[in-house]
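Q: Below are the chains, spelled out letter by letter.
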Amino acid sequence: GDSVTQMEGPVTLSEEAFLTINCTYTATGYPSLFWYVQYPGEGLQLLLKATKADDKGSNKGFEATYRKETTSFHLEKGSVQVSDSAVYFCALTHAAGNKLTFGGGTRVLVKP
Amino acid sequence: ETGVTQTPRHLVMGMTNKKSLKCEQHLGHNAMYWYKQSAKKPLELMFVYNFKEQTENNSVPSRFSPECPNSSHLFLHLHTLQPEDSALYLCASSQDLPSGGYGEQYFGPGTRLTVT
Numbered sequence: 021g022d023s024v025t026q027m028e029g030p031v032t033l034s035e036e037a038f039l040t041i042n043c044t045y046t047a048t049g050y051p052s053l054f055w056y057v058q059y060p061g062e063g064l065q066l067l068l069k070a071t072k073a074d075d076k077g078s079n080k081g082f083e084a085t086y087r088k089e090t091t092s093f094h095l096e097k098g099s100v101q102v103s104d105s106a107v108y109f110c111a112l113t114h115a116a117g118n119k120l121t122f123g124g125g126t127r128v129l130v131k132p
Numbered sequence: 002e003t004g005v006t007q008t009p010r011h012l013v014m015g016m017t018n019k020k021s022l023k024c025e026q027h028l029g030h031n032a033m034y035w036y037k038q039s040a041k042k043p044l045e046l047m048f049v050y051n052f053k054e055q056t057e058n059n060s061v062p063s064r065f066s067p068e069c070p071n072s073s074h075l076f077l078h079l080h081t082l083q084p085e086d087s088a089l090y091l092c093a094s095s096q097d098l099p100s101g102g103y104g105e106q107y108f109g110p111g112t113r114l115t116v117t
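Protein chains in written order, with my numbering: chain A, 21 to 132; chain B, 2 to 117.
Chain A with its partners taken away, still in its complex shape (with noise of 0.2 Å):
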């Protein structure tokens, strides 16, 4: 089945640091892959996604891209905000379904 690897946290990274968080998935096909974001007492929302290999998403600085060569969707930022402190879930669906397979989530904590 479906699966998604993510790094274990937390990250503790200084204001303006530059951020990666690994992920790599093992899925059939060509899934779609999504990066989420759970800021502390709330739920998931879509931080970004790519539907096809080689697709990069971006939003809020933050970007990945789809590399179908080494199953990657790693999540990078170049200069981070104490605002940025969440917990941070890769996942994947497939274009037939509407199942979510989710990473276990990577918890950054910026410090000012």
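No wet-lab data here; the hints were simulated from the structure.
One should not assume that every hint holds.
Derived pair list, reagent style DSS-like, types lysine-lysine, alpha-carbon separation capped at 25 Å [unchecked claim]: (1) K69(A) / K42(B); (2) K41(B) / K119(A); (3) K80(A) / K69(A); (4) K23(B) / K119(A); (5) K37(B) / K119(A); (6) K53(B) / K119(A); (7) K42(B) / K119(A).
Assemble chain B onto chain A, guided by the hints.
A: For chain B alone, kept in the frame of chain A given last:
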């Protein structure tokens, strides 16, 4: 109201109580979902409804009973829960795509449930 709303936001209940969680989506979507988020565990999909019909039940215990009276509302009825059922329960919705399949899921803020 916009997006996906959930009530109540917090709920404390005893093991013999009966309570219900409510979810409402204001996005015109036709699929709705219940997820369970426990500490130190991945998000677990519990139920999926498409066009008000339940299409997935991920081996959820019968003490959790979903109800979807229309495509905008989803309930989770709870009875005789266990302390290990304490978690954040998230509702989500999505819309089918012209090309087939379903688009991204939009989540509500969740209900924090504590079973004492």
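Q: It remains to establish, for every hint, whether it holds in the given structure.
A: Structure-based check of all given hints:
| no. | hint | verdict |
| --- | --- | --- |
| 1 | K69(A) / K42(B) | holds, 23 Å |
| 2 | K41(B) / K119(A) | holds, 21 Å |
| 3 | K80(A) / K69(A) | holds, 13 Å |
| 4 | K23(B) / K119(A) | holds, 21 Å |
| 5 | K37(B) / K119(A) | holds, 14 Å |
| 6 | K53(B) / K119(A) | holds, 16 Å |
| 7 | K42(B) / K119(A) | holds, 18 Å |
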